[in-house]
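Assemble the whole structure, with the sequences as input and the hints as a guide.
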Amino acid sequence: MRRAMAWLASMLTAVLLGGAAFAQGSYPDHKIRMIVPFSAGGPTDVIGRLVAERLSEVLGQQVYVENLPGAGGNLGVETAKRAAPDGYTIVVVSTGFIINPSMYTTIGYDPLKDFAPISLVAASPNVITVHPSVPAKNVKELIDLIKANPDKYSYAQPATGSTPHLVAELMKQIFGLDMVAVPFNGAPLAINSTLGNHTQMAFTALPPAIGAVKDGSLRGIAILAKARVAALPDLPTNGEEGVPGLEGDTLTGILAPAGTPQPIIDKWHEAIVKMTADPEVKKKLDTLGFVPVANTPAEFTERIKSESARWDKVVKAARIHMD
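Position in the sequence shown (first residue = 1) + 396 = our numbering.
It should be emphasised that the hints constitute simulated quantities derived from the structure, not laboratory data.
Yeah, the Cβ is synthetic: ideal placement off N, Cα and C, and Gly gets one too.
There could be a bad hint or two in this list.
[As the list claims (entries may be wrong)] Taking CB as the label site, the calculated pair distances span:
| # | residue 1 | residue 2 | range |
| --- | --- | --- | --- |
| 1 | Gly466 | Glu537 | 39 to 45 Å |
| 2 | Glu695 | Gly592 | 25 to 31 Å |
| 3 | Ala544 | Gly466 | 50 to 56 Å |
[To be verified] Straight-line alpha carbon distances no greater than 20 Å define the calculated SDA-like cross-link-like pairs of lysine to any residue that follow:
| # | residue 1 | residue 2 |
| --- | --- | --- |
| 4 | Lys670 | Ser452 |
| 5 | Lys509 | Ala479 |
| 6 | Lys536 | Gly635 |
| 7 | Lys610 | Lys509 |
Here it is in structure tokens:
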């Protein structure tokens with residue numbers, strides 16, 4: 397009981413101090429740590445570093461990136477959860493933050509209870525690509541081809557439980573397909589596997605597939621989104637090809653530990669809105685295959701809820717478990 401009371405007192409003190417600092421106009425008055433729960437060089441890290449660079453300018457204090465990879469992102473997320481809710485630690489997350497609670501046997505955080513959403517910064521749609529030897533030219537043809545050749549086709553995916561993996565499993569569930577999942581440690585390896593025709597197709601986020609589609613070494617089958625993207629404007633969406641319901645995004649958002657004062661959350665959100673409105677930032681995101689979002693904390697919260705409910709069904713139906 398004493399420990400619980402002491403913890404509560406420390407939390408209240410942190411909140412009050414954080415609010416006081418903001419009220420006095422001194423926030424931020426020192427460096428801000430941005431935890432990226434993945435290795436350097438991946439999509440989440442790239443977006444995180446772009447945000448850190450721009451927001452250092454907007455906030456007038458350095459925002460530095462700390463990569464804490466491990467356990468599918470869970471290690472870094474749990475570290476952020478335990479940080480003081482004073483506005484000096486934030487975390488950049490991908491969709492795995494939302495999906496992992498459905499997939500892992502034990503997990504050390506609750507996406508809604510343990511964090512204060514700030515904003516969904518950007519979203520990258522998933523894409524289906526195939527080796528040029530595959531005769532299918534669109535989603536319908538690909539589905540028919542797999543149906544006619546059960547257990548012949550395999551697909552590369554970047555990580556178990558990632559949205560590209562789950563979209564592929566969703567397609568299997570909807571159309572009763574028999575195709576083998578081949579997991580890799582990252583989208584570039586999944587793309588390389590399909591380039592070598594070791595796997596006939598790949599389900600990945602858009603960024604690592606752009607170059608291969610543009611130079612023709614892989615054929616783009618469809619963008620799994622409601623709208624086409626600037627990076628590959630000629631590639632139609634799955635809906636345009638008559639197969640709705642396969643949309644799936646790789647999300648990148650920013651959260652703070654639960655209990656962070658609302659004025660600090662609001663200041664961060666305003667900074668992110670300002671950043672994503674910058675034409676240079678938009679151009680960089682377009683080039684990377686990301687679409688800027690910058691929604692409100694409330695909207696981000698609702699997106700977490702809806703994504704969690706949607707993918708939880710797919711995870712359970714596919715019986716995907718991680719220890």
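Results of checking the hints against the structure:
Checked against the given bound of 39 to 45 Å, the beta carbons of Gly466 and Glu537, roughly 40 Å apart, stay inside it. Checked against the hint of 25 to 31 Å, the pair Glu695 and Gly592 fails, with Cβ atoms roughly 41 Å apart. Ala544 and Gly466 have their C-beta atoms about 42 Å apart, which leaves the hinted 50 to 56 Å range violated. Proximity of Lys670 to Ser452 is assessed by CA-CA distance (about 12 Å); at most 20 Å being required, the pair is judged to hold.
Between the alpha carbons of Lys509 and Ala479 the distance comes to roughly 14 Å, so the proposed pair stays at or under 20 Å and holds. For the suggested pair Lys536 and Gly635, the alpha carbons sit about 11 Å apart, so the restraint of at most 20 Å is met. Simply put, Lys610 and Lys509 have alpha-carbon atoms about 43 Å apart, too far for the 20 Å limit, and the pair is violated.
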